[in-house]
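Q: With these hints in hand, go ahead and build the complete structure from the sequences.
Chain by chain, the residues:
Protein chains: 2
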Amino acid sequence: MSDPQFFEKTPTESLVIGDLSEATVQLGALSTHETADLLERVSTRRAAVLFRLLGKDQAAAVFDALEPPIQADLITSLCEDEVGTLFESLDPDDRAKLVDEVPAAVATRLISGLSAEERSHTNAVLGYPAGTIGRRMSPHFVSVHPHDTAETALAKARALDDTAETVYTMLVTDTGRTLAGVVSLREVLMSDPSVPIADLMQEADSVRATDDAEAAALALVDRAHLLVPVTDSEHHVLGILTLDDAAQILRDEADEDAARAGGAEPLRRPYLSTSVLRIARSRVVWLLVLAVSGLLTVQVLEIFETTLEQAVVLAMFIPLLTGIGGNTGSQAASTVTRALAVGDVRTRDVGLVLLREVRVGLVLGVLMGALGFVLATLVYDMPTGVVIGLTIVCICAMAASVGGAMPLLAKAIKVDPAVFSTPFITTFCDATGLIIYFSIAKAVLGI
Amino acid sequence: MSDPQFFEKTPTESLVIGDLSEATVQLGALSTHETADLLERVSTRRAAVLFRLLGKDQAAAVFDALEPPIQADLITSLCEDEVGTLFESLDPDDRAKLVDEVPAAVATRLISGLSAEERSHTNAVLGYPAGTIGRRMSPHFVSVHPHDTAETALAKARALDDTAETVYTMLVTDTGRTLAGVVSLREVLMSDPSVPIADLMQEADSVRATDDAEAAALALVDRAHLLVPVTDSEHHVLGILTLDDAAQILRDEADEDAARAGGAEPLRRPYLSTSVLRIARSRVVWLLVLAVSGLLTVQVLEIFETTLEQAVVLAMFIPLLTGIGGNTGSQAASTVTRALAVGDVRTRDVGLVLLREVRVGLVLGVLMGALGFVLATLVYDMPTGVVIGLTIVCICAMAASVGGAMPLLAKAIKVDPAVFSTPFITTFCDATGLIIYFSIAKAVLGI
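In the order they appear, the protein sequences are chains A and B.
Under UniProt numbering, the residues of the first sequence are numbered 1 to 447, in order.
Under UniProt numbering, the residues of the second sequence are numbered 1 to 447, in order.
Careful, some of the hints might be misleading.
Which copy is meant is left open, because identical chains are indistinguishable; a pair holds if it fits in one copy or across any two.
Unchecked claim - As a list, the in silico DMTMM-like pairs of lysine to aspartate or glutamate whose alpha-carbon atoms are at most 20 angstroms apart:
(1) LYS411 with ASP255
(2) LYS56 with GLU22
(3) LYS156 with ASP174
(4) LYS156 with ASP199
(5) LYS414 with ASP211
(6) LYS56 with GLU34
(7) LYS156 with GLU187
Everything labelled a hint here was simulated from the structure, so no lab data went into it.
A: This is the structure we're talking about:
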């Protein structure tokens with residue numbers, strides 16, 4: 001949380017002129033997170049050089065703070081021994097994230113190099129599909145029995161080494177690891193030492209390991225608890241999701257939604273350390289899909305070619321009208337996509353949403369259409385004004401409904417709603433808007 | 001975290017048929033968060049009716065869990081006594097958020113109704129401008145002295161009532177409330193009781209009360225600590241920012257960015273409980289701004305009117321070409337906006353970003369342009385193919401650079417980068433793209 005200006009003079013500058021000893025001194029003055037930030041801003045090759053300048057303990061801490069794709073880059077440039085030590089030092093959920101970034105052969109070698117206990121913890125996490133909370137849970141938690149006293153629970157907390165992700169919320173489990181509740185260290189501390197945990201514990205919200213990671217993270221952040229227990233279908237405890245991991249999951253999801261709202265796939269790694277070709281690859285598929293849909297607009301215009309030839313003036317308003325449609329649609333889509341993401345709207349609300357968006361679209365359309373009518377009448381003539389005004393009303397109502405319904409439709413067919421947002425809807429509204437425009441023009445102008 | 005299907009039969013259905021006693025029974029079966037979720041999905045009037053059915057303790061807990069705009073709605077429909085009790089039960093930072101939602105006269109009355117101590121806490125938070133971390137900090141924290149022993153610190157933690165937001169991380173302060181460090185309850189518990197805190201404490205990251213709230217929240221989530229101390233310019237402790245508040249701040253910011261990326265202002269309240277006119281209001285300003293910029297495209301086309309009359313076929317490609325430009329631009333903008341939001345890119349990286357985006361744009365442009373050339377040549381003729389192909393290359397390079405540079409420019413002039421994203425860039429690229437298109441057409445076709 002230091003001043004960003006701190007990096008005005010960074011070790012990279014020394015590296016450019018090749019002064020490694022100077023770079024080592026400068027790196028030593030940075031905190032773990034400052035070093036990690038630095039490594040995420042430079043090229044892969046340079047990051048590897050800087051990482052080798054770190055002391056052993058600092059290297060482990062910095063490695064832990066790096067994003068998984070950068071960890072994966074480093075792993076390929078370090079010797080096997082170093083890699084093994086670094087991998088062992090990660091939490092099982094962080095190991096799972098790194099494993100997703102490296103080739104399968106490397107992943108197998110990494111996992112087989114772990115101690116038996118850590119290997120089984122890691123495999124437990126890796127057994128759940130990506131996108132589920134099981135894949136992001138931590139198997140290191142503190143559990144107490146309902147018959148334990150507050151004193152015993154406190155002694156358990158004191159006796160722990162630092163593998164447990166948190167001691168501040170303990171899981172209360174019956175025999176057979178069935179979840180009975182949770183108890184906070186605070187309650188334990190403040191109560192009489194002889195009180196049984198059963199009297200102190202609270203009912204626990206819990207999530208299933210197969211639940212969607214984003215939904216579980218959102219619920220935890222909403223409730224502002226420190227953790228939520230992760231169980232199997234028989235309510236046996238498998239692990240915990242901690243608040244900091246939940247916040248990180250939400251951040252990753254926001255990244256993904258932001259990228260898709262702009263019609264690209266998320267980079268999943270820091271921008272400046274990503275190559276030009278990789279950035280292009282993250283965008284090209286959607287660009288092609290959208291361009292192919294864009295060919296629709298050419299076909300629509302071919303249908304109305306004679307109308308266009310008789311009144312070339314109509315062509316002048318094409319970008320303005322498709323622009324208004326696209327913008328109205330993308331406003332509706334982004335509002336509804338976000339409402340879906342935070343749980344304010346569910347797929348079966350589609351009727352409510354449509355009703356709401358048609359009305360919003362009409363309100364906006366009448367306002368904008370009136371303006372369009374006045375302007376076009378003044379600059380051109382009354383019939384042109386009527387065409388433009390009417391078209392805007394219809395396009396706004398259409399675009400708002402399409403924009404509002406699309407994300408719900410996407411969710412219903414299990415596609416990321418953000419995929420159907422702005423660029424997709426813009427393209428769809430372009431073609432539909434042109435049909436509306438030329439149909440109205442033919443009717444009003446009698447051509 | 002219960003099954004969403006749980007709400008299939010909710011108390012609202014009973015309310016429709018007017019059976020209040022049945023609704024009371026059903027409400028009693030819901031948890032605090034389920035009740036809050038329900039109140040956020042119904043109209044203001046219905047929410048007020050349901051809220052009155054809650055028991056006194058449940059009412060306070062549910063009120064605390066509601067979003068500030070819904071709290072503000074309820075406040076206007078409750079009697080002064082109830083309002084006073086509910087307001088007093090909130091944390092100072094939550095009070096500040098609610099105060100922002102109600103008219104100034106109501107806010108003054110609410111604050112003057114508080115006890116002297118709570119009033120001073122609340123005013124301390126309200127003294128910082130919106131958007132700073134001071135406005136979101138909690139003044140309730142636990143502090144110990146470096147000379148205290150672990151035993152004393154533990155006794156302090158045990159003696160606390162439940163006003164402190166957390167006891168798990170204690171601030172270590174010298175005389176005069178100067179921040180010396182932080183110590184975790186875990187360290188305190190595990191150490192020998194006679195060890196002084198000075199030997200256990202760690203150096204603390206801290207943020208200034210006047211720092212940007214989003215940046216501070218992001219740094220806290222990145223570091224996965226439970227809290228970060230908030231200080232004044234002389235390093236005196238004023239309060240703390242807790243991890244759950246930080247996660248909430250990031251969620252609100254993601255809401256805002258998502259709305260602006262779609263060219264609307266965030267609703268700042270649950271979608272289904274927001275009236276049609278309020279939704280329209282959140283969109284109309286941007287829609288008008290974009291439409292006025294869209295008039296630029298009409299003017300550009302007027303300049304090229306003779307070209308257009310001589311080759312009406314050129315009009316057919318207008319939506320396709322402006323679409324490709326808009327999509328390329330919005331991809332670049334959303335990537336860079338997000339990279340800025342998460343701190344991967346800073347404003348002074350504008351050169352690096354531009355260089356990167358021009359190259360990405362050229363890669364994409366050459367690929368798409370080649371396709372466009374082949375298709376247009378096959379369907380129309382070779383000169384048309386050359387015009388379309390060349391135009392796509394130029395438009396992609398232009399749009400990617402504009403899309404990449406705009407968010408940085410916005411940040412530099414202290415405007416939210418998300419404002420300049422998709423719709424704004426689409427409109428800008430439309431006009432520029434048309435100039436490129438017709439200039440190339442005139443040169444190649446010789447008209």
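Q: Each hint needs a verdict: does it hold in this structure or not?
A: Hint check:
Taking the closest pair of Cα atoms, LYS411 and ASP255 come within 20 angstroms of each other both inside a single copy (18 angstroms) and across two copies (19 angstroms). With identical chains, the CA atoms of LYS56 and GLU22 are at most 20 angstroms apart within one copy only, with a shortest distance of 18 angstroms there and 66 angstroms across copies. Taking the shortest Cα distances, LYS156 and ASP174 sit within 20 angstroms of each other inside one copy (16 angstroms), while across copies they are farther apart (32 angstroms). With identical chains, the CA atoms of LYS156 and ASP199 are at most 20 angstroms apart within one copy only, with a shortest distance of 18 angstroms there and 23 angstroms across copies.
Taking CA atoms no more than 20 angstroms apart as the test, LYS414 paired with ASP211 passes inside one copy only; the shortest distance there is 14 angstroms, against 40 angstroms between copies. Within a single copy, LYS56 and GLU34 get their C-alpha atoms as close as 17 angstroms, which meets the 20 angstroms cut-off; across copies the closest is 49 angstroms, which misses it. For the identical chains of this complex, LYS156 and GLU187 are neighbours both inside a copy (15 angstroms) and across copies (14 angstroms), given an alpha-carbon limit of 20 angstroms.
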